[in-house]
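Take the given structure of chain A and dock chain B to it, following the hints.
In order, the protein sequence lines correspond to chains A and B.
In terms of the working numbering, the first sequence is numbered consecutively and its last residue is 344.
In terms of the working numbering, the second sequence is numbered consecutively and its last residue is 345.
Certain hints may be false.
Negatives, chain B to chain A, calculated, CB over 12 Å [stated by the list, open to error]: (1) Arg86; (2) Phe97; (3) Leu104; (4) Lys150; (5) Ala334.
With a Cα cut of at most 30 Å, we get these calculated DSSO-like pairs of lysine-lysine [what the hints assert, rightly or not]: (6) B:Lys203 x B:Lys91; (7) B:Lys150 x B:Lys34; (8) A:Lys284 x B:Lys203; (9) B:Lys128 x B:Lys150; (10) B:Lys91 x A:Lys284.
A short, non-exhaustive set of chain B residues, derived as facing chain A with CB atoms under 7 Å [as the list claims (entries may be wrong)]: (11) Val218; (12) Asp221; (13) Tyr244; (14) Val259; (15) Ile273.
Keep in mind that the hints were calculated from the coordinates and are not lab data.
Keep in mind the model is a prediction, meaning the values are calculated, not measured.
We put the CB at the ideal spot given by N, CA and C, even for glycine.
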Amino acid sequence: MTVVDESNTSIAADRGDALLRVDQLQKYFPITGNGLLRRRIGDVRAVEDISFDVVPGETLGIVGESGCGKSTAGRTIMRLLEPTGGRIEFDGRDITKLSRRELVPLRREMQMIFQDPYSSLNPRHTVGTIISAPFKVQGVKPARGVQAEVQDLMARVGLNPEHFNRYPNEFSGGQRQRIGIARAIALRPKLIVCDEPVSALDVSIQAQVVNLLEDLQDEFQLAYIFIAHDLSVVRHISDRVAVMYLGRIMELAESDKIYKAPLHPYTHALTSAVPLPDPRAERKRERIILTGDLPSPINPPSGCVFRTRCPKAQQRCTDEIPLLREFSPGHYGACHFPEERKLV
Amino acid sequence: MSQPFLDVKELRVQFPTEDGIVNAVDGVSFSVQKNETLAIVGESGSGKSVTAQAVMGLINRKSATITGEVFLDGEELVSASKEQVRSLRGKRMAMIFQDPLSSLHPFYSIGRQLVEAIKVHQDISKAKALGISRDMLDRVGIPNPERRLKDYPHNLSGGMRQRVMIAMALLNDPELLIADEPTTALDVTVQAQIIELLRGLQKEFGTAIVLITHDLGVVADMADQVVVMYGGRVVENAGIEDIYYRPEMPYTWGLLGSVPRMDVGRHERLEPIPGQPPSLIRLPKGCVFRPRCPYHELVPGNRCDDERPDLVPTSASHAVRCHLEPAQRREIAAERLGSPAMEET
Numbered sequence: 001m002t003v004v005d006e007s008n009t010s011i012a013a014d015r016g017d018a019l020l021r022v023d024q025l026q027k028y029f030p031i032t033g034n035g036l037l038r039r040r041i042g043d044v045r046a047v048e049d050i051s052f053d054v055v056p057g058e059t060l061g062i063v064g065e066s067g068c069g070k071s072t073a074g075r076t077i078m079r080l081l082e083p084t085g086g087r088i089e090f091d092g093r094d095i096t097k098l099s100r101r102e103l104v105p106l107r108r109e110m111q112m113i114f115q116d117p118y119s120s121l122n123p124r125h126t127v128g129t130i131i132s133a134p135f136k137v138q139g140v141k142p143a144r145g146v147q148a149e150v151q152d153l154m155a156r157v158g159l160n161p162e163h164f165n166r167y168p169n170e171f172s173g174g175q176r177q178r179i180g181i182a183r184a185i186a187l188r189p190k191l192i193v194c195d196e197p198v199s200a201l202d203v204s205i206q207a208q209v210v211n212l213l214e215d216l217q218d219e220f221q222l223a224y225i226f227i228a229h230d231l232s233v234v235r236h237i238s239d240r241v242a243v244m245y246l247g248r249i250m251e252l253a254e255s256d257k258i259y260k261a262p263l264h265p266y267t268h269a270l271t272s273a274v275p276l277p278d279p280r281a282e283r284k285r286e287r288i289i290l291t292g293d294l295p296s297p298i299n300p301p302s303g304c305v306f307r308t309r310c311p312k313a314q315q316r317c318t319d320e321i322p323l324l325r326e327f328s329p330g331h332y333g334a335c336h337f338p339e340e341r342k343l344v
Numbered sequence: 001m002s003q004p005f006l007d008v009k010e011l012r013v014q015f016p017t018e019d020g021i022v023n024a025v026d027g028v029s030f031s032v033q034k035n036e037t038l039a040i041v042g043e044s045g046s047g048k049s050v051t052a053q054a055v056m057g058l059i060n061r062k063s064a065t066i067t068g069e070v071f072l073d074g075e076e077l078v079s080a081s082k083e084q085v086r087s088l089r090g091k092r093m094a095m096i097f098q099d100p101l102s103s104l105h106p107f108y109s110i111g112r113q114l115v116e117a118i119k120v121h122q123d124i125s126k127a128k129a130l131g132i133s134r135d136m137l138d139r140v141g142i143p144n145p146e147r148r149l150k151d152y153p154h155n156l157s158g159g160m161r162q163r164v165m166i167a168m169a170l171l172n173d174p175e176l177l178i179a180d181e182p183t184t185a186l187d188v189t190v191q192a193q194i195i196e197l198l199r200g201l202q203k204e205f206g207t208a209i210v211l212i213t214h215d216l217g218v219v220a221d222m223a224d225q226v227v228v229m230y231g232g233r234v235v236e237n238a239g240i241e242d243i244y245y246r247p248e249m250p251y252t253w254g255l256l257g258s259v260p261r262m263d264v265g266r267h268e269r270l271e272p273i274p275g276q277p278p279s280l281i282r283l284p285k286g287c288v289f290r291p292r293c294p295y296h297e298l299v300p301g302n303r304c305d306d307e308r309p310d311l312v313p314t315s316a317s318h319a320v321r322c323h324l325e326p327a328q329r330r331e332i333a334a335e336r337l338g339s340p341a342m343e344e345t
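With the rest of the complex left out, here is chain A (with noise of 0.2 Å):
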């Protein structure tokens, strides 16, 4: 039987001013029979209990392999996707319920980019048109017209102002990219959650990309939730780090800490296995292989997820899901048997 320790309390509670709360979040898709009435059969339970927080001009990263679910996370966090359970907080105000027309002015503060440049852009439409959308749905009417002001942001974001009359496909991958982030940008949003923003890029067009991302962070005391699978440009970017495995955090901490000293045995497995563009340094590491497959969401193993997975597994794994404490000043992780593992 599984057992919930009670004293599992938010872990904002203690960060003060955070611009964004995310408190126990759940999502859970739901599974519908074929029959008639498409009864309920099952759930696939994308995300689990999910808590964090983020406070103004940092960046959390979320990382994970696939089916961790850390894009639903910011996208329900965003709230194009309805939580199941939870709660969300956005500068005080909780945003879990909102209708979709209490959401409209919300959409000034927090903004989303997608990975895929090719298919977040109407290619029907004008970078003008594009980047020029927010004033339209917000009705902001920037003071020197909407022209002067795309054109400014286009110039902000690396791309040619005089160009704002071109369509997507007459620009290539990275300055599609760039577009997504002119039009993330227009209304000066605290929160952007950025969906593996560069993960389709080129290595020199993604390093234009990364930079820019911070420029813009420095220059509009931006909130990034940075989620990647690439573990190497999460913690280029990111503050702090969230490591999700099957809809679950499994620790998160200062990014250096995920890093240099992670205690669980999944981010020890996930960072070991990352190569690292250095031969000598590389060829040095010892590696942790993880064996099996990623278990189904559908029917995620009782106790602490990962367990079918981890070298460390006991009984109590089986039991009792493992609770996200806080094992030193701000690093927490969900395990019962954490142990400190130098890596790099």
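Quick look at chain B alone, frame taken from chain A:
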């Protein structure tokens, strides 16, 4: 050194299109020994995958012009007949693709596809071929191989499918394995498993591996020799240590400066390469990297604009395509990369 197992000389692949001729591969040369891993590194459009396909004889000759020479254990393949290349493919040389879902047939069971791959080259009974298939699945770390033979590709996870692809490539004990982005579609923990597997197989069979990738971490982990491609040309070719600690081509510097490192924290700014890769239809007249190169002004007399640099050896195992003076290059590299380049010579 003995004769290399794979020797590619001045390989050129051109595709005629409505917009003009695409020079996908523009005079590429490299060689690989048995038991050695050569990595071909480059970004989209650098010509790395087309090079691999040309070596494997997978490019339709009606849609492309292929010139140059490819020697597989002394046998020339570019001028060879289709049948001759087909008899080698899958037997002496095999290929692993990036996307295992689109390279396995969705309608046929894993067992049927593996048996077919064996029977193309070996005249043995179906039962025996099934036995070989089962052993190979076991060898690449697939649990329950007996049951997996009856499964279809959609029953397997991405990592398992890639293992099936590797098993299929290894069925006829190939001496050369070309792996085109074999781990790009996989999660890191699965990638680590696959790299481990490839390394073990190479140790066991002495396979020559050509690894095509854009991931400089995977290269650092696996390669002995590295070919850096840009705009269809080889711009640098060197041993693994030289590429990472003593690179001499501005594009290689740019690549290394663009990659975030997991062992380096924040506040270390990336140094991306400005601009965009060139169009393969209208390649620059001189150096392909000239439009993005921050150092071209150091070369006197507009040579970078007008004159195509040759791939010039700077040591026995290091060749560079650049007009900068070797001394200049070493100085800039030492400055850009910091201590490692200075540390050892």
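Run the structure past the numbered hints and jot down the numbers of the failing ones, going up.
Numbers 7, 10 - these are the hints that the structure violates, sorted from lowest upward.
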